[in-house]
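Heads up: the protein sequence lines correspond to chains A and B, in order. If you're matching positions, the first sequence starts at 1 in the working numbering and goes up one per residue. If you're matching positions, the second sequence starts at 1 in the working numbering and goes up one per residue.
These are calculated hints, taken from the structure and not from any lab test. Hints are supplied without guarantee of correctness; some may be wrong.
[To be verified] Some chain B residues near chain A, calculated using beta-carbon distances under 8 angstroms:
| no. | residue |
| --- | --- |
| 1 | G10 |
| 2 | L46 |
| 3 | D97 |
We put the beta carbon where it would ideally sit given N, CA and C, even for glycine.
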Amino acid sequence: MSTPVIQIKQLVRTFNTTDAVNGLDLTVQPGRCYGLFGRNGAGKTTTIKCLLDLLKPTGGKVELFGMNPAKHEVATRSRLAYVPDQLGFYPWMSALDHFQHLASFRKLWNLQLQTDLLDQFHLDPNQNINSMSKGQKMQVALIGALCPEPELLILDEPTSGLDPLIRREFIRTVIGAYQDADPENRTVFVSTHLITEFEGLIDEFTIMDQGRGLVTMQTDEARAQYKRVVAVFRETQEAPDLPGIMDCQIEGREMELWVEGGETHIRNWAEQLGCESLETHAMTLEEIFLTIVKQKEKQHAATAH
Amino acid sequence: MFIEIHFQSGKPTYLQIVDQVKTAVASGRLREGDALLGIRPLAERLRINRNTVAKAYTELERQGVVATQAGKGCFIAESASPFNNEVRERMLLEAIDAAIVEAHHLQVTDEAFLDAVQKRLQLYAKKKQETNATDDVESREAKR
Numbered sequence: 001m002s003t004p005v006i007q008i009k010q011l012v013r014t015f016n017t018t019d020a021v022n023g024l025d026l027t028v029q030p031g032r033c034y035g036l037f038g039r040n041g042a043g044k045t046t047t048i049k050c051l052l053d054l055l056k057p058t059g060g061k062v063e064l065f066g067m068n069p070a071k072h073e074v075a076t077r078s079r080l081a082y083v084p085d086q087l088g089f090y091p092w093m094s095a096l097d098h099f100q101h102l103a104s105f106r107k108l109w110n111l112q113l114q115t116d117l118l119d120q121f122h123l124d125p126n127q128n129i130n131s132m133s134k135g136q137k138m139q140v141a142l143i144g145a146l147c148p149e150p151e152l153l154i155l156d157e158p159t160s161g162l163d164p165l166i167r168r169e170f171i172r173t174v175i176g177a178y179q180d181a182d183p184e185n186r187t188v189f190v191s192t193h194l195i196t197e198f199e200g201l202i203d204e205f206t207i208m209d210q211g212r213g214l215v216t217m218q219t220d221e222a223r224a225q226y227k228r229v230v231a232v233f234r235e236t237q238e239a240p241d242l243p244g245i246m247d248c249q250i251e252g253r254e255m256e257l258w259v260e261g262g263e264t265h266i267r268n269w270a271e272q273l274g275c276e277s278l279e280t281h282a283m284t285l286e287e288i289f290l291t292i293v294k295q296k297e298k299q300h301a302a303t304a305h
Numbered sequence: 001m002f003i004e005i006h007f008q009s010g011k012p013t014y015l016q017i018v019d020q021v022k023t024a025v026a027s028g029r030l031r032e033g034d035a036l037l038g039i040r041p042l043a044e045r046l047r048i049n050r051n052t053v054a055k056a057y058t059e060l061e062r063q064g065v066v067a068t069q070a071g072k073g074c075f076i077a078e079s080a081s082p083f084n085n086e087v088r089e090r091m092l093l094e095a096i097d098a099a100i101v102e103a104h105h106l107q108v109t110d111e112a113f114l115d116a117v118q119k120r121l122q123l124y125a126k127k128k129q130e131t132n133a134t135d136d137v138e139s140r141e142a143k144r
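Chain A on its own, in the form it takes in the complex (with noise of 0.2 angstroms):
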């Protein structure tokens, strides 16, 4: 069993009397692309800086690489690059410049990869940082990420704001520059709300709403899991009362079911019941992300009352 290379249990982290994060639990293991989807406001980026140890956490701990990253800061740190939702440079730095600047901090740099994908985004070595646009400034963070081969990619909310050309581009760049040229050594952990850009390349997720940790699963097991269920009946139904059901619209003789897990029981259901039609669908993780949140707001508004 390898050592994981994040592990997360039972973290806190509070401001003043708010708990940004309150009670996450994750593992990530080596070769894996993670995702950590969340509202705004959820807790992730409070989270990755616990990870990094810009953050203290106030419960809870944290081992990256199965060290504590704040006892190992250089052991930790060396093996991993972190692309914040924040970008920031030094103002009179070029492209250049600024990875010279970050390859002095590094024991290895691949100079070559860096030329590479400079040409590839259209990048002028020796321009400002300053003077390039919001997606030319991210592509300079990631080549600056990717430079030095890190076993681990920590990016949080990294195509936020961008242009769908720069959005693939960004995308493919993590798959094919990135991922491939050591794919079971190379650990990608994402932080985003924009989960249909990211939907191909996570192969685990755990969706976290108000500091806590939601659900946890591997993407083709919630493929598998999630379903949308549409029947239409003779007359007007009631909603069963069935395990796995998340949320039920009734529109006249139609109704659609959002289900986990329950899909034959319901499919029973409504064949007993003489439906005229019965469909079922998969979901897309954005759209399972929006079930799990939703549902979990009407609970919440349920046991306030």
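Following the hints, position chain B against chain A.
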């Protein structure tokens, strides 16, 4: 190589790739010796995890649809003939299922449905006969 991934089909991504390659072979779009796109370029093109593509290619090789040549890549194997019964049968059943669903929506009875199928088969048989007859006449004319 045109492959399309549908994330809301409920089918694992690697299996979608496997099935689409097999269908392409069965329909003749891919032939023995044709090269498949490399793992990295296909993963980049589809914007999916490269391990998913690797898994699909491993499965295709296991099923004898493709063969890997060290250093050169993946190629459609000799044994993967266009006349792959399993795939052809499945494609046919999918088409039949679609027709049955349509008939049901249109409230056509099973008997009327089968009757319609018979009539169409007869129509095509007749057309084929007429085409053959014309071909015979034309070839006889050509020989004169």
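The hints, checked one at a time:
no.: 1; hint: G10; in the structure: 3 angstroms, holds
no.: 2; hint: L46; in the structure: 6 angstroms, holds
no.: 3; hint: D97; in the structure: 13 angstroms, violated
Going through the hint list in order, the structure does not satisfy hint 3, though it satisfies all others.
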